[in-house]
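Fit chain A to the supplied structure of chain X, relying on the hints for placement.
Residues per chain, in single letters:
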Amino acid sequence: DAGVTQSPTHLIKTRGQHVTLRCSPISGHKSVSWYQQVLGQGPQFIFQYYEKEERGRGNFPDRFSARQFPNYSSELNVNALLLGDSALYLCASSKGLTSTVYNEQFFGPGTRLTVL
Amino acid sequence: DAKTTQPPSMDCAEGRAANLPCNHSTISGNEYVYWYRQIHSQGPQYIIHGLKNNETNEMASLIITEDRKSSTLILPHATLRDTAVYYCIVRTNAGGTSYGKLTFGQGTILTVHP
Numbered sequence: 001d002a003g004v005t006q007s008p009t010h011l012i013k014t015r016g017q018h019v020t021l022r023c024s025p026i027s028g029h030k031s032v033s034w035y036q037q038v039l040g041q042g043p044q045f046i047f048q049y050y051e052k053e054e055r056g057r058g059n060f061p062d063r064f065s066a067r068q069f070p071n072y073s074s075e076l077n078v079n080a081l082l083l084g085d086s087a088l089y090l091c092a093s094s095k096g097l098t099s100t101v102y103n104e105q106f107f108g109p110g111t112r113l114t115v116l
Numbered sequence: 117d118a119k120t121t122q123p124p125s126m127d128c129a130e131g132r133a134a135n136l137p138c139n140h141s142t143i144s145g146n147e148y149v150y151w152y153r154q155i156h157s158q159g160p161q162y163i164i165h166g167l168k169n170n171e172t173n174e175m176a177s178l179i180i181t182e183d184r185k186s187s188t189l190i191l192p193h194a195t196l197r198d199t200a201v202y203y204c205i206v207r208t209n210a211g212g213t214s215y216g217k218l219t220f221g222q223g224t225i226l227t228v229h230p
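Chains X and A are the protein sequences, given in the same order. Anchor point for the first sequence: position 93 equals 93 in the working numbering, and the numbering is continuous, going up by one each time. Quick note: to get the working numbering, add 116 to the position in the second sequence (first position is 1).
Accuracy of the hints is not assured; some may be wrong.
[Claimed, not checked] To give an idea of the chain X side of the interface with chain A (calculated C-beta under 8 Å), a few residues: (1) 28; (2) 41; (3) 42; (4) 45; (5) 48; (6) 90; (7) 105; (8) 108.
Note that these hints are calculated values from the structure, not bench results. Glycine included, every Cβ here is placed at the ideal spot set by N, Cα and C.
So here's chain X without its partners, still in its complex pose:
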């Protein structure tokens, strides 16, 4: 069975540009969450989407946005890139909305974004 997939694997952008990262959840999973992991730190929660609606948002500026499509895949968009946006961006999928014993989150390998 395919796990969570993310594209691209690596990306280099310059300050001020815009970036779109993509995530395909595990088949049958309806919830997608996005995390940012800066080097040396643990992942930080950005968004959770469930049934195409935003259900949770972390402490990130409005430059960060996301959406979920009818097939439950998701995109994370970041506008006006800053050097500090350089990080590993992780996508996680789960079957439902809450994190219960039957609803664990499965993470993808991430997209490594470098902003120059």
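What follows is chain A alone, placed relative to chain X:
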């Protein structure tokens, strides 16, 4: 979600048990203890979780103290492939505003050496 404290790093010899501690003194009654690990350049991987009873699965064992203020993740026979960052997370399984959010700290870097 309650805050956790973990040692920044630990070493373990291959084949020996690795015991990773976690303090969560402010845990509340409906909060579970979760463990994830992150092998270099990969996404975090779920290991185990528990509420108050000790738990065991094919990957590890979780020992939670009676007062639930601390726990220990045990890898019974560590291998080189267990070298990773291990995160202890305390969270409720209820819905509400926390939804699926996992709050990661800096974790413990476990190095398994030959």
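message = So, against the hints stated earlier in the document, which numbers end up violated here?
response = Of the numbered hints, just 1 does not hold.
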